[in-house]
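Trainee: Using the sequences and the hints given, assemble the complete structure.
Order-wise, the sequence lines are chains A and B. Positions 0 to 307 (numbering that gives the first Met the number 0) are the ones given, in order, by the first sequence. Positions 0 to 265 (numbering that gives the first Met the number 0) are the ones given, in order, by the second sequence.
These aren't lab readings, by the way, just hints derived from the structure by calculation. One thing to keep in mind: the hints can contain errors.
[Unchecked claim] Have a look at the derived ranges for each label pair, beta carbon to beta carbon:
(1) Q133/B / A95/A: 29 to 35 Å
(2) P139/B / A95/A: 30 to 36 Å
(3) L238/B / F163/A: 38 to 44 Å
(4) K44/B / F264/A: 40 to 46 Å
(5) F252/B / Y207/A: 29 to 35 Å
(6) K84/B / G171/A: 45 to 51 Å
(7) K37/B / T295/A: 40 to 46 Å
(8) A91/A / S55/B: 47 to 53 Å
(9) T295/A / K147/B: 18 to 24 Å
(10) N46/B / Y207/A: 47 to 53 Å
[Claimed, not checked] Quick list of in silico lysine to aspartate or glutamate cross-link-like pairs, DMTMM-like style, CA-CA up to 20 Å:
(11) K84/B / D152/B
(12) K147/B / E158/B
(13) K101/A / E93/B
(14) K78/B / D136/B
(15) K161/B / E93/B
(16) K287/A / D176/B
(17) K78/B / E93/B
(18) K82/B / D159/B
(19) K287/A / D83/B
(20) K82/B / E291/A
(21) K37/B / D176/B
(22) K84/B / E230/A
Predicted, not measured: the structure shown is a model, and the values here were computed from it. C-beta: ideal position from N, C-alpha, C; glycine also.
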Amino acid sequence: MYIYLPVAHTSINILVPIVLGLSVGLLSGLFGVGGGFLMTPLLIMFGIPPTVAAATDSAQIVGASTSGTYAHWRLGNVDFRMGIFLLIGGFAGGLAGVQVIKILKAMGNADFVIKMTYVVMLGLVGGYMFIESVNAMRRARKKDVVQQPKGESGIARALKKLPFQMEFKKSGVTHSALVPIFFGVFVGLLAAVMGVGGGFLLVPVMVYMLRMPMHVVVGTSLFQILFNCIEVTFLQAYTNHTVDFMLAILLLIGSTLGAQVGAIFGRKLQGEQLKILLALLVLAVTVKMVSELTLTPSLLLGAAGGGG
Amino acid sequence: MKMRFFFRRIAPLIAATLLMTLAAAFSAPSAWAALTAKANHDDIKINYNYNGSTVSISGISDPNVDLIIKITSGNTDEKLMRKDKEAGLWMNVEQLTMENAPNFYFIRSTSNLDSLLSADQLIANELGYGALEQTIDISPAKSADMKKSLLNDYIKYKEDGKVYSQSLGSIDQNTNDAGQPSYYTKFDWPFQAPPDTYDVTVYAIKNHVITDTAQSKVVVEQDGIVKALSDMAQNNGALYGTAAIGVSLTAGFGVGFIFKSGGGSH
Chain A
0 MYIYLPVAHT SINILVPIVL GLSVGLLSGL FGVGGGFLMT PLLIMFGIPP TVAAATDSAQ
60 IVGASTSGTY AHWRLGNVDF RMGIFLLIGG FAGGLAGVQV IKILKAMGNA DFVIKMTYVV
120 MLGLVGGYMF IESVNAMRRA RKKDVVQQPK GESGIARALK KLPFQMEFKK SGVTHSALVP
180 IFFGVFVGLL AAVMGVGGGF LLVPVMVYML RMPMHVVVGT SLFQILFNCI EVTFLQAYTN
240 HTVDFMLAIL LLIGSTLGAQ VGAIFGRKLQ GEQLKILLAL LVLAVTVKMV SELTLTPSLL
300 LGAAGGGG
Chain B
0 MKMRFFFRRI APLIAATLLM TLAAAFSAPS AWAALTAKAN HDDIKINYNY NGSTVSISGI
60 SDPNVDLIIK ITSGNTDEKL MRKDKEAGLW MNVEQLTMEN APNFYFIRST SNLDSLLSAD
120 QLIANELGYG ALEQTIDISP AKSADMKKSL LNDYIKYKED GKVYSQSLGS IDQNTNDAGQ
180 PSYYTKFDWP FQAPPDTYDV TVYAIKNHVI TDTAQSKVVV EQDGIVKALS DMAQNNGALY
240 GTAAIGVSLT AGFGVGFIFK SGGGSH
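Mentor: Structure below.
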């Protein structure tokens with residue numbers, strides 16, 4: 000059965016957005032990513048105009064991340080205090096990122112910078128997570144080797160000297176409030192430049208920089224994504240009129256279910272296993288992007304305002 | 000004397016009259032063969048289950064003419080991004096404006112356009128992809144070769160979006176139930192064609208000259224819930240955005256509660 004999407008001006012088989020929502024929602028609940036970096040290209044592939052795909056995806060992520068945050072909150076995996084500091088930083092970084100994009104567009108090389116940032120960041124994040132997780136699993140298997148407690152690095156000691164130190168009980172870490180705000184700015188800036196929610200950047204930051212346990216990272220990331228996407232959905236609907244309500248509902252049917260299943264399934268996996276799976280996902284997207292950049296496209300013209 | 004007068008003066012007049020009558024019969028369209036055009040499905044309603052339609056154009060035409068049918072919905076300026084290789088990688092390198100380009104462009108004909116009309120006539124009437132290459136301008140301006148290449152890419156882009164189509168030799172000419180000479184063509188109407196009023200123009204051509212034209216219209220309009228949502232998105236973005244967020248939050252919490260009551264809680 001086909002359904003007509005009033006804002007996208009496109010007819011689509013009703014099962015397509017439901018299955019897409021289910022798949023991406025599953026990843027969202029499993030890894031704590033919004034899934035925008037997967038969903039938007041998939042929607043474009045099925046004929047949804049790029050601007051509508053990006054905006055409607057935000058509305059869908061609101062539903063999926065609500066469902067996922069709620070599921071993780073019940074499991075005790077959301078660090079609200081950390082999430083709020085990351086949000087403050089992310090909001091400031093997003094504002095700065097929008098200005099950076101304006102400057103790059105004026106210079107005429109925005110698309111090159113966006114695509115290269117995408118490939119480099121995805122490649123670095125995916126590669127680092129994969130190698131680090133494989134090494135961690137190998138270490139865990141060598142039971143006869145006694146693990147030496149790691150000494151604090153210079154950076155860690157410097158961070159400890161920053162003001163506004165506070166304990167993040169849920170995460171079991173102590174940081175200055177400035178640390179999550181700083182990383183929030185960093186992720187928000189990159190996310191705005193790349194035109195994505197930033198979940199796949201925020202998760203590694205929380206794991207490797209803030210040293211939070213993986214399960215709390217997933218819940219806290221979803222909490223932060225929820226608020227980011229509420230803001231983006233409203234702005235897209237208000238200024239660009241590009242949110243397709245019908246498409247969002249169909250995606251939501253799948254993604255809210257998928258997020259719940261993902262949250263339950265994720266609990267059965269170890270933190271390192273989750274990291275490896277996310278790393279493989281990120282690396283697969285990197286390979287796809289590199290192939291798009293190197294293979295001759297079938298069409299040499301595309302809609303303006305399609306994003307990166 | 001009378002016979003000589005008849006053969007000298009009257010007979011040539013009669014012969015000339017007969018010849019003129021015959022010539023008129025073969026060249027000018029006669030009353031019963033006046034060109035008409037009718038779209039069978041001229042009011043297409045876009046509702047929630049709309050997936051395009053099927054449209055046929057038919058009418059009466061002289062059996063000795065060729066026909067071209069053009070369906071358009073007005074010209075506009077369209078902004079596009081051009082892809083090219085930069086530092087060995089494919090990416091958007093430039094924004095272009097295709098000026099005076101038809102939003103929608105369908106051509107059907109009884110035979111090859113170049114064999115029916117001269118290039119100047121095709122351009123003057125915007126008939127065929129070749130004519131579009133002359134009527135569409137590109138901003139910023141390009142060299143002739145670059146413009147030709149870009150217009151080919153543009154037509155390919157629009158064909159990929161199903162809003163441009165050119166099918167030659169796709170009009171059937173026959174006799175209708177009333178014994179009148181008629182023509183008929185049928186095609187899929189793409190769901191990608193946005194709500195608009197589409198002009199259907201049928202050209203009758205004989206001896207490389209357009210001898211007659213007929214017009215019809217296809218109206219595509221949104222209806223029901225599709226129209227309500229589309230109007231709300233365009234005219235009341237704040238309410239629309241708030242509603243979208245509200246529904247998303249409700250769906251997220253709703254599914255969360257269902258899973259909780261289903262035993263998903265720890």
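Trainee: State for each hint whether it applies.
Mentor: Structure-based check of each hint:
1. The hinted range of 29 to 35 Å is not satisfied by Q133/B and A95/A, whose Cβ atoms lie roughly 48 Å apart.
2. In this structure the hint that P139/B and A95/A lie 30 to 36 Å apart at CB holds, the actual value being about 31 Å.
3. Against the hinted window of 38 to 44 Å, the Cβ-Cβ separation of L238/B and F163/A comes to about 40 Å, which satisfies the hint.
4. Range check, K44/B to F264/A: Cβ separation about 44 Å, and the 40 to 46 Å hint holds.
5. Restraint check, F252/B to Y207/A: a C-beta distance of roughly 32 Å satisfies the suggested window 29 to 35 Å.
6. In this structure the hint that K84/B and G171/A lie 45 to 51 Å apart at CB holds, the actual value being about 50 Å.
7. Against the hinted window of 40 to 46 Å, the Cβ-Cβ separation of K37/B and T295/A comes to about 45 Å, which satisfies the hint.
8. Under the hint 47 to 53 Å, the C-beta atoms of A91/A and S55/B, about 60 Å apart, miss the expected range.
9. Taken as a hint, the range 18 to 24 Å holds for the pair T295/A and K147/B, whose Cβ atoms sit roughly 19 Å apart.
10. Between N46/B and Y207/A, the C-beta spacing of about 51 Å keeps the proposed range 47 to 53 Å intact.
11. With a C-alpha separation of about 16 Å, the suggested pairing of K84/B with D152/B holds against the 20 Å cut-off.
12. About 16 Å separates the Cα atoms of K147/B and E158/B, which keeps this hinted pair within 20 Å; it holds.
13. Taking the CA atoms of K101/A and E93/B, the gap is near 16 Å; set against the 20 Å cutoff, the hint holds.
14. For the proposed pair K78/B and D136/B, the alpha carbon gap of about 12 Å is at most 20 Å, so the pair holds.
15. Among the hinted pairs, K161/B with E93/B is inconsistent with the structure: their alpha-carbon atoms are about 24 Å apart, more than 20 Å.
16. Taken as a hint, the K287/A and D176/B pair is broken in the structure, with Cα atoms around 58 Å apart against an allowance of 20 Å.
17. A threshold of 20 Å between alpha carbons decides the hint, and for K78/B with E93/B the separation of about 10 Å falls inside it, so the pair holds.
18. As the CA atoms of K82/B and D159/B are separated by approximately 16 Å, the hinted pair is consistent with the 20 Å bound.
19. For the hint linking K287/A to D83/B, the alpha-carbon distance of about 18 Å falls within 20 Å, and the restraint holds.
20. This hinted pair checks out: K82/B and E291/A have alpha carbons roughly 12 Å apart, not beyond 20 Å.
21. For the given pair, K37/B sits about 16 Å from D176/B by alpha-carbon distance, which is consistent with the 20 Å threshold.
22. At most 20 Å may separate the alpha-carbon atoms for a hinted pair to count; K84/B and E230/A exceed this at roughly 35 Å.
Comparing the model with each numbered hint stated earlier shows that hints 1, 8, 15, 16 and 22 do not hold.
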